[in-house]
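Asker: Fit chain B to the given chain A structure using the hints.
Chain by chain, the residues run as shown.
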Amino acid sequence: MRGAGKTGEKGERLFAAVLGLAATTAVTALVLIAFFVCREGWPGLERVGLLAFLFGRRWDPASGVFGVLPQLIGSFYVTLGALALAIPFGVGGAVFLAEFAPAWMAAILRPAVALLAAIPSVVYGFVAMNLLLPLLQGPTGGLGVSLLAGAVVLAVMILPTLIGVCEDAIRAVPAEFRQASLGLGAGHWQTVWRVVLPAARPGILAAVILGAGRAIGETMAVMMVTGNVYVIPRSILRPGATLTGTIALEFAYAGPEHQRALFAVGIVLFVFIMLMNAAAQIIARLAGKGEKAR
Amino acid sequence: MRTAVLLAEGAAKAMLWFMAAVTFFVLLVIVLYVLGRGLPHLTPGFLLQMPREMGRAGGILPAIVGTFYVTVLALLVAVPVGLGAAVYLAEYTEEGPFTRLLRFGVETLAGVPSIIFGLFGAAVFVYGLRLGLSILAGGLTLALMLLPILIRTAEEAIKAVPGDYREASLALGATKRQTIIRVVIPAAAGGILTGVLLGLGRAVGETAALWLTMGGSILRLPRSLLEQGRTLTLHLYILAMEGLSVERAFATAAFLVLAVFMVNTAALALLARFARRRSGG
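Residue numbers (our numbering), protein chains in the order written: chain A, 396 to 689; chain B, 1065 to 1345.
Just to be clear, a hint being listed does not mean it is correct.
Stated by the list, open to error - Each computed BS3-like pair below joins lysine-lysine, with the alpha-carbon atoms no more than 30 angstroms apart: (1) A/Lys405 with B/Lys1240; (2) B/Lys1223 with A/Lys405; (3) B/Lys1240 with B/Lys1223.
Said to hold, decoys possible - The calculated label-pair distances, taken between Cβ atoms and stated as ranges, are: (4) A/Leu446 with B/Ala1251: 53 to 61 angstroms; (5) A/Pro651 with B/Met1118: 27 to 35 angstroms; (6) B/Gly1196 with A/Gly533: 43 to 51 angstroms; (7) A/Pro593 with B/Arg1246: 46 to 54 angstroms; (8) A/Ala570 with B/Gly1109: 42 to 50 angstroms; (9) B/Gly1196 with A/Trp588: 36 to 44 angstroms; (10) B/Glu1117 with A/Leu538: 19 to 27 angstroms; (11) B/Phe1325 with A/Leu538: 40 to 48 angstroms; (12) B/Gly1100 with A/Glu407: 35 to 43 angstroms; (13) B/Arg1116 with A/Arg566: 23 to 31 angstroms; (14) B/Thr1329 with A/Ala570: 27 to 35 angstroms.
As the list claims (entries may be wrong) - Quick look at which bits of chain A chain B covers, simulated, 3 or more residues with Cβ under 8 angstroms: (15) 410–422; (16) 521–535; (17) 646–659.
Hints are computed from structural coordinates only; laboratory data are not their basis. Using N, Cα and C, we set each Cβ at its ideal position, and we do this for glycine too.
Chain A with its partners taken away, still in its complex shape (with noise of 0.2 angstroms):
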């Protein structure tokens, strides 16, 4: 390193220390949300007993009651319908782009998926109050706020996510194996069905991961149409609520009892989240391996 003295080598040295710095700032950051998070909420889950407020059928901040187990299975209704209305397209839209799509179509779609996932989560909820809901009136027999009307706008919004990712790993299927099946005789679409979705498996599956984690976490679109009623559900056509939109709703006017309560609620979307990214960075993980070895 010629013409670097002494204070250049420092230099370099203080630029690599400050690089590494900020290189752990997401990892730093993911920590100290989660203490935080849990430093504010354990005293609350404490209080209430974490059975009690994991299965408590009641949540009425007013007298200080708080369990969380009509918003779980909120949370859980609007995820799984989202993600049983989203899968077939977001798989059936990745196929379609990845093997059937003409050239000019899929300069087309792919900008306006990409557009589909940039429109701000509260423009979906104002949409689905003017557009959906008025279409549920009839089968909920109401204002069609329903668990429903969350699931039908989270799959909307989480349609992006399946259909890049599964794309993706559709892609990623070696051509050989296409060439394969196709020598045998196969039709295009016998080897996508029988050949190119089976090995493209794990990374589907991490799609729908990561979809059912972001529909989980989403908050204002839902919050909007569910209705944030604390009963537990009879039916996914009635009101209910959701972890976030409890979160959201009541944070602001929360006294500080109430915003320990909020905090822990926060505790069980974090780890909810936190067992999901893992799944699916895992199998993402196998499945890079097993692409390796092939």
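Answerer: Same frame as chain A, but now just chain B:
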């Protein structure tokens, strides 16, 4: 047998076309509906006027200013950190347990829901550091949320810079730091800018985290970063949920959609140009 196979092929393809058509149709309906009902009310006066009667009348100027402040603040904090992290990951480390940990952090942070960021921001910035509900607290929270996308896009852009560039610079006697600052980052600028634009689009659309950290109940032009502020998304949420003005809510939604589309289209166009140049066309 043969006809059965052909039939199945045809049916499957028809099904896939149908699914793609439905997906496209849903997007079209959402966008046309928002623009159709919002554009007629989206006048220059609407953008430049103060709201009156809680937003029932008048315009959205404070929401535009609030969005601008919080977004610029978040990018000012997040872009240098994200770029630094990306340079470190791309230029200074071998793949190993440490980089895997760093990458796990980035990937996992990207999956943390915005309401959790909101709780964190409330606990640390609003109460812990006593910033109160403020543009500053909102901007810092938002900065953390933007980190993953900034790091990922910048790292890809830096890795795409050909090795010859670095070797040429080092051979001329430049240090690694000089090479990175004078050669690698300028060469990767297009990709880095794409990431910044994508982050900007996300920041403009963010709501839940800002609801918990920035407030949004004050409807005047913010005079300092320590005041509450209202973004366009918060304004739309409040107009919609309190039933204040349907036309103004639609006009706000249309403005949001147009803004986000312009930012994203610019990002995609930039990415396309960048990719073309890289492939030598």
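Asker: Given that the stretch 410–422 of chain A was listed as covered by chain B, double-check it with a C-beta distance under 8 angstroms for 3 or more residues.
Answerer: holds (count 12)
Asker: Are the Cα positions of lysine 405 of chain A and lysine 1240 of chain B separated by 30 angstroms at most?
Answerer: 12 angstroms, holds
Asker: If you draw a straight line from the CA of lysine 1223 of chain B to the CA of lysine 405 of chain A, is it 30 angstroms or shorter?
Answerer: With a Cα-Cα distance of about 26 angstroms, the restraint between lysine 1223 of chain B and lysine 405 of chain A holds, given a limit of 30 angstroms.
Asker: For threonine 1329 of chain B and alanine 570 of chain A, compare the CB-CB distance with the range 27 to 35 angstroms and indicate the outcome.
Answerer: Given range 27 to 35 angstroms: holds, Cβ gap about 32 angstroms.
Asker: State whether the coverage of the stretch 646–659 of chain A by chain B holds or is violated, taking the criterion as 3 or more residues with Cβ-Cβ distances under 8 angstroms.
Answerer: holds (count 4)
Asker: Could you see if the CB distance from arginine 1116 of chain B to arginine 566 of chain A stays within 23 to 31 angstroms?
Answerer: The hint (23 to 31 angstroms, Cβ to Cβ) is violated, given that arginine 1116 of chain B and arginine 566 of chain A are roughly 53 angstroms apart.
Asker: Is 27 to 35 angstroms respected by the C-beta to C-beta distance linking proline 651 of chain A and methionine 1118 of chain B?
Answerer: Because 29 angstroms falls inside the window, the suggested range holds.
Asker: Is the gap between the beta carbons of glutamate 1117 of chain B and leucine 538 of chain A within 19 to 27 angstroms?
Answerer: 26 angstroms, holds
Asker: Given the range 43 to 51 angstroms, decide if the beta-carbon distance of glycine 1196 of chain B to glycine 533 of chain A lies inside it.
Answerer: 47 angstroms, holds
Asker: For the hint 36 to 44 angstroms, verify it against the beta carbon of glycine 1196 of chain B and that of tryptophan 588 of chain A.
Answerer: 58 angstroms, violated
Asker: With a C-beta cutoff of 8 angstroms, work out whether three or more residues of the stretch 521–535 of chain A approach chain B closely enough for the coverage to hold.
Answerer: holds (count 5)
Asker: Please test the hint of 35 to 43 angstroms on the beta carbon pair from glycine 1100 of chain B and glutamate 407 of chain A.
Answerer: At roughly 58 angstroms between Cβ atoms, glutamate 407 of chain A and glycine 1100 of chain B fall outside 35 to 43 angstroms, so the hint is violated.
Of the hints listed earlier, those the structure fails to meet are numbers 8, 9, 11, 12 and 13, in rising order.
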